[in-house]
Amino acid sequence: MPPRNPPHPVDKHVGAKIRLRRKSLGISQAKLALGLNLTFQQIQKYERGANRISASMLYRLAGVLRAQPAWFFEGLPATDAEEAPSTAQMEKAQAITALLASPDGIALAQLLSGLEPNRRRKILGLMAALGPPADQDEAA
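Okay, so the sequence shown: first residue is 1 according to the numbering used here, each after it adds one.
Please keep in mind that the hints were generated in silico from the structure rather than gathered at the bench. Check the hints yourself; a few may be wrong.
Claimed, not checked - 20 Å max Cα-Cα, derived EDC-like pairs, lysine to aspartate or glutamate: (1) Lys92 <-> Glu116; (2) Lys45 <-> Asp11; (3) Lys92 <-> Asp11; (4) Lys92 <-> Asp104.
Work out the full structure: start from the sequences and follow the hints.
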């Protein structure tokens, strides 16, 4: 049997956004699956990017998760007919989405969303003062 191709970065990004939205709404994989007449295993595959999501299923998912379909693509590098996103851009977008979909990322987003905008900006300033992101450290 030939080896299976790894998930496409866009499929992984969309899957991570599904997980992020589902977790932020407090919905289990089983409950989401029930609302879509799927198995929870299928939801797991979508969230990992292992299975691609059809346009009609993404539309249904968006309805159940109360999000616009375009939201699942936010954070990806812009598409341009003349210049495709670089691998580095795709990897950076994927890393950000993976962090946001992680338990720490969800907890951080929930805590930050409860703060006044002024305090949130101060915390972001503190984080920036701690140093550049890891990928910038390596480039220096």
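Which earlier hints turn out false for this structure, listed by number in ascending order?
1
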